[in-house]
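The listed protein sequences correspond, in order, to chains L and C.
Quick note on numbering that gives the first Met the number 0: the first sequence kicks off at 0 and runs consecutively.
Quick note on numbering that gives the first Met the number 0: the second sequence kicks off at 0 and runs consecutively.
Hints are computed from structural coordinates only; laboratory data are not their basis.
Fair warning: there could be bad hints in the mix.
[Unchecked claim] If we take Cβ atoms under 10 Å as the criterion, some of the chain L residues that face chain C in the derived model are: (1) T101; (2) T110; (3) L125; (4) E130; (5) R132; (6) Y142; (7) L144; (8) V148; (9) V150.
[Unchecked claim] Some chain C residues well away from chain L (every beta-carbon gap over 12 Å; in silico): (10) P3; (11) R24; (12) E85; (13) I155.
[To be verified] Partial chain C-side listing against chain L, Cβ under 8 Å, derived: (14) V140; (15) F175; (16) Y211.
Just so we're clear, the structure is a prediction, and the values are computed from it rather than from any experiment.
Here a beta-carbon is modelled for each residue, glycine too, at the ideal position from N, C-alpha and C.
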Amino acid sequence: MLATTFKWFTGIWLGLVAVAMFLWVPAHEGLGNVGRIVIMHVPTGWLTSVAFLFSAIYSWRYLRHGRARDDALALAAAELGLIFSVLATVTGAIFAKVVWGTYWNWDPRETAIAALMLIYAAYFALRTSIEDRQRQRYLGSIYALLAFVAVPFLIFVIPRVTDDTLHPNCAILNTPNCQGIELTENGRIIGTVEDFKVELLGIEQQADLTVATVSIVSNGTNYTLKPSFNRASNKPETIERLPETLRDVQIKRLVGEPGNQTVEIAIANTGNIGLLTEQRTLLTFFASLFGFTLLFFWLWWLRADVLDINEQLVQQGITI
Amino acid sequence: MAKPVFWQAAWAVAYKDLQIELRTRYALNAMALFAVTTAVMVSFRLGPLGLSRDPRSAATLAVLLWIAIFFAAMNGLSRTFVREEEAHTATLLRLNVPALAVYLGKLGVNLLILALLETLVTLLFIGLLNVTIANVGLFLVTLSLGGLALAGATTILATLVAKADGKGSLFTILAFPLVLPLLIIAVETTELALSGGTWAAAGSGLQLLAAYTIAEHVAALWLFERVWEA
Numbered sequence: 000m001l002a003t004t005f006k007w008f009t010g011i012w013l014g015l016v017a018v019a020m021f022l023w024v025p026a027h028e029g030l031g032n033v034g035r036i037v038i039m040h041v042p043t044g045w046l047t048s049v050a051f052l053f054s055a056i057y058s059w060r061y062l063r064h065g066r067a068r069d070d071a072l073a074l075a076a077a078e079l080g081l082i083f084s085v086l087a088t089v090t091g092a093i094f095a096k097v098v099w100g101t102y103w104n105w106d107p108r109e110t111a112i113a114a115l116m117l118i119y120a121a122y123f124a125l126r127t128s129i130e131d132r133q134r135q136r137y138l139g140s141i142y143a144l145l146a147f148v149a150v151p152f153l154i155f156v157i158p159r160v161t162d163d164t165l166h167p168n169c170a171i172l173n174t175p176n177c178q179g180i181e182l183t184e185n186g187r188i189i190g191t192v193e194d195f196k197v198e199l200l201g202i203e204q205q206a207d208l209t210v211a212t213v214s215i216v217s218n219g220t221n222y223t224l225k226p227s228f229n230r231a232s233n234k235p236e237t238i239e240r241l242p243e244t245l246r247d248v249q250i251k252r253l254v255g256e257p258g259n260q261t262v263e264i265a266i267a268n269t270g271n272i273g274l275l276t277e278q279r280t281l282l283t284f285f286a287s288l289f290g291f292t293l294l295f296f297w298l299w300w301l302r303a304d305v306l307d308i309n310e311q312l313v314q315q316g317i318t319i
Numbered sequence: 000m001a002k003p004v005f006w007q008a009a010w011a012v013a014y015k016d017l018q019i020e021l022r023t024r025y026a027l028n029a030m031a032l033f034a035v036t037t038a039v040m041v042s043f044r045l046g047p048l049g050l051s052r053d054p055r056s057a058a059t060l061a062v063l064l065w066i067a068i069f070f071a072a073m074n075g076l077s078r079t080f081v082r083e084e085e086a087h088t089a090t091l092l093r094l095n096v097p098a099l100a101v102y103l104g105k106l107g108v109n110l111l112i113l114a115l116l117e118t119l120v121t122l123l124f125i126g127l128l129n130v131t132i133a134n135v136g137l138f139l140v141t142l143s144l145g146g147l148a149l150a151g152a153t154t155i156l157a158t159l160v161a162k163a164d165g166k167g168s169l170f171t172i173l174a175f176p177l178v179l180p181l182l183i184i185a186v187e188t189t190e191l192a193l194s195g196g197t198w199a200a201a202g203s204g205l206q207l208l209a210a211y212t213i214a215e216h217v218a219a220l221w222l223f224e225r226v227w228e229a
């Protein structure tokens, strides 16, 4: 009874999320309809990592206690992890093609999910190559744990491949230094925006324009850029591209009189236009996160049960 | 402190494996031929002077060097365990020698084989591709640490593969995701060593490599007995 209620609830919930995603959520101002994909993309990506964690935990439990149920849960989690990683990769690639112009870019998160997919694939390749079921469980669990030891290193290693991410972090977690930094001519002239060190070298006035000279350290190289701000229209004028990245540097705001001016320097990701700042989008996003998590747990237990039943049938000599 | 008998057992396992290997030279031949084929193929089109004019040559050579080492190692490192299963001597070994001694003996053999392989690949690259190593010390440390890490991650996988049925190709498939962090750092540090980077520049990479090596060895020591008895 409870299981049936849970099943129906999850189904209806996700149905509503899907309807809301296309009909209730407004199209994103900058990205248009493709912005809607974040509602599917982020939850599936999140569940990929959750599945990997559960798979390792239950592999460890299996090695400790030797219960077939634990291995069934580990295997089911890995299977779901693979499905969700494919979903996250495909939705992400579509979004990346439309917004950034390329399906694949070896962005840190893309590298991480590619490594996870390789591990899942290797795990299944190992399991299918062993006939003896007891041994299959044993060796599968051991491989899952070995992989679990290696993966955290990827977190430290991946930023070495590229320290620039296209993923809009600041759209989801709005920490103070996502907003940009305020630098003053005669006061604070140095600071950081995300991981970039920013230094204000000078400010000069040209008719209606205020031009700031800023030095930004990116990838170990020092770049000097000159973004400007139009005082007449009170809007950024020249937006400078940080070389070899997809980041735009601009003066977001300007306060004070010449001689003692404060500029707010922002370094924006191209395509990072605050996806989740819109209220309906945010609400649907969390509903989707919740729905997908329910779906994950439901599928996880269901699949583990099926594996259990299959095992019992095999033990009784029945094959299906 | 383990008893002397334990170390004698580990040494006996290593000695036996080396003797068998020197008798057939199966693993050594497979690995050497793979290394030669790679170096010759690259040299055909790019070398011996082709790459040295390229500004990105250090990066390209570092990648090629590790491709040669990784895939050649995959050809030979699983051999000692697979042979035990094929010759049905594994049970005998299991009954007479403590699991950890078996592991350490085989790890020693694999380390030796890897050291030989890395020497060969480096000499081939210097000879056929005109590689100049600007920071020799850093290069040697990278190769040694890389070899240690590779042996730590793959010796236990070799045990695993020996118990599975699709032996040959499965080893590479299982090893690649595990050694991905190692390969990324090793290529980066090798590139630094070839292009004359300083120790300071390579410091964090080497630290990470050392941490990875320790983690893989600890995990392998912890899990080996379970695989071996499976």
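Evaluation of the provided hints:
no. : hint : in the structure
1   : T101 : violated, 21 Å
2   : T110 : holds, 9 Å
3   : L125 : holds, 6 Å
4   : E130 : holds, 7 Å
5   : R132 : violated, 12 Å
6   : Y142 : holds, 6 Å
7   : L144 : holds, 6 Å
8   : V148 : holds, 4 Å
9   : V150 : holds, 8 Å
10  : P3   : holds, 30 Å
11  : R24  : holds, 28 Å
12  : E85  : holds, 16 Å
13  : I155 : violated, 7 Å
14  : V140 : violated, 18 Å
15  : F175 : holds, 6 Å
16  : Y211 : holds, 5 Å
Violation of the numbered hints given earlier is confined to hints 1, 5, 13, 14; the remaining hints are satisfied by the structure.
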